[in-house]
Amino acid sequence: MYDRRSFIGAGAAGALALALSPRMAFAKAETDKRFIFIIQRGAADGLGIVAPVGDPAFVGARGDLAADFATATKLDSMFALHPALPVLGGLYSQKQALFAHAVASPYRDRSHFDGQNVLEGGGTSAYQRKDGWLNRLLGVLPPTEAKAIAVSATVPLALRGRYDVSSYAPSGLPQASDDLLQRVTMLYQGDSQLHALWSEAMNTRQLTSDLAGGGGANAAATGALAARLLVPADGARIAMIETGGWDTHTQQRQRLGAQLKGLDAMIAALQNGLGPLWNDTMVLVATEFGRTVAINGTGGTDHGTGTAAMLIGGAVRGGRVLADWPGLNPAALFEARDLKPTTQLDAFIGGAVAGHFGVEPARAMAALFPETKSVAAVRGLV
Amino acid sequence: MEQPVKFKTPWEWTISSMRALNVKTVDPQVMVGLLNQLGQPTWKPGQPVGYDDIAASWAGPDAVLRRVEAAERFAARAGSVDARALAPKVLPGSVSPATQTALANCESPAQALALLLVAPEFMRR
Chain A
1 MYDRRSFIGA
11 GAAGALALAL
21 SPRMAFAKAE
31 TDKRFIFIIQ
41 RGAADGLGIV
51 APVGDPAFVG
61 ARGDLAADFA
71 TATKLDSMFA
81 LHPALPVLGG
91 LYSQKQALFA
101 HAVASPYRDR
111 SHFDGQNVLE
121 GGGTSAYQRK
131 DGWLNRLLGV
141 LPPTEAKAIA
151 VSATVPLALR
161 GRYDVSSYAP
171 SGLPQASDDL
181 LQRVTMLYQG
191 DSQLHALWSE
201 AMNTRQLTSD
211 LAGGGGANAA
221 ATGALAARLL
231 VPADGARIAM
241 IETGGWDTHT
251 QQRQRLGAQL
261 KGLDAMIAAL
271 QNGLGPLWND
281 TMVLVATEFG
291 RTVAINGTGG
301 TDHGTGTAAM
311 LIGGAVRGGR
321 VLADWPGLNP
331 AALFEARDLK
341 PTTQLDAFIG
351 GAVAGHFGVE
361 PARAMAALFP
371 ETKSVAAVRG
381 LV
Chain B
1 MEQPVKFKTP
11 WEWTISSMRA
21 LNVKTVDPQV
31 MVGLLNQLGQ
41 PTWKPGQPVG
51 YDDIAASWAG
61 PDAVLRRVEA
71 AERFAARAGS
81 VDARALAPKV
91 LPGSVSPATQ
101 TALANCESPA
111 QALALLLVAP
121 EFMRR
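Respectively, the protein sequence lines represent chains A and B.
With the working numbering as the guide, the letters of the first sequence map in order to residues 1 to 382.
With the working numbering as the guide, the letters of the second sequence map in order to residues 1 to 125.
It is worth saying that the hints were derived from the structure and are not from the lab.
Treat the hints with care, as some may be off.
[Said to hold, decoys possible] To give a feel for the contact side, a few chain B residues facing chain A, derived at Cβ under 10 Å: (1) 106; (2) 107; (3) 109.
The beta carbon of each residue, even a glycine, is placed where N, CA and C say it ideally should be.
Next up, chain A with everything else stripped away, as it sits in the complex:
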């Protein structure tokens, strides 16, 4: 039997799958430290990645989604790591991976666009800031020759701002398919039947694309490419990788597993590619908000609030899960449905970046998150 995947892979030499690869953008500053921000677009389910298996309400609330954790490695007495993350699990046991749970940005609504805008801009409400915290970080670091490299045509908001940031695309080949899809979109605009069908097809594609493509091969290629761009002495010091496909409203068990397999492969490729530089590297993985505690009617979860974030790398003081755990019993939930955030993601990011680059934490917070600078940065992460 042929299936959709083998058809694409065998036929178009995976060109379409490559076109769905995560996108990257780079910035350059004078420091030996490397910092990579992997954004999870679509609201990654922290409860399904770093699962609170020790919470008495977890199995009841999560049903089928809890089954994956029956044999999963325990991180401590409360949490277990999703089994599709063996590389991350290994790094955790080597104290090079740290997870923060029940975190959230200042955003408290449920729109991906607005939530990502707050996560990347570093403001407290959507569209408040025109520049991103990753760009403002360049202003805090030793004087820069900041230049931009983006795999996509556009630089993501987190990297946009007064300091020059460039973008890098591997070659025109993988983009060809994406370009065709866009042209089809334009061509179908005047045809009501095809326009409706096409819009739906593109929405579905958005949800299943990206990180999971090629069984993790695309994600690994992206990680390896990012590492190559970060290794040279005159190369970029800060990179941002965009990943999509986290919006698991349906069939979450299968889809999240595939996503995490891709993320794990990406981290492995980064570590391999960076070689000795891994000791000076910090990788941040974060998403705009979490997902509902309860499963919905289609085996998925809906937009929520609190979620998990990760710090990975040789420089990280890992081997721990930081969580002021609010609990999953119904009375403890935010708006009676979501994991209640107890740690500010801004403070976590600010503390991590300050520690990694040796910047005074209050100064880092003021530059990166001017609207929430009164919140103390989380210390002792790096």
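Starting from the known structure of chain A, fit chain B onto it as the hints suggest.
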């Protein structure tokens, strides 16, 4: 000639694509696989009355996307064919101005050919 109105079945779309590209012989195995992908498995209509003759049965979001993917493959193998010249030959009198513009704006001959094969007037008969 009037604008085509009825959404082609996968079989019809494949045959018309092959004709447009002047392909005379095909690998049977490849065709079986292709028609499975496009949603019309050869000799397996899935119901005793045969393949459906209602446009809605064939015009699904995924079905359209699969045609676009297949069209890109066809076009990649078609060699140098100018879709702008081919369009009025395979769709006499029914190439819309929008399609003509879209073909002319394509970044490569192969891309234009792929776009022609999934143009609204080529998706219908």
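Each hint, compared with the structure:
| no. | hint | result |
| --- | --- | --- |
| 1 | 106 | 7 Å, holds |
| 2 | 107 | 7 Å, holds |
| 3 | 109 | 12 Å, violated |
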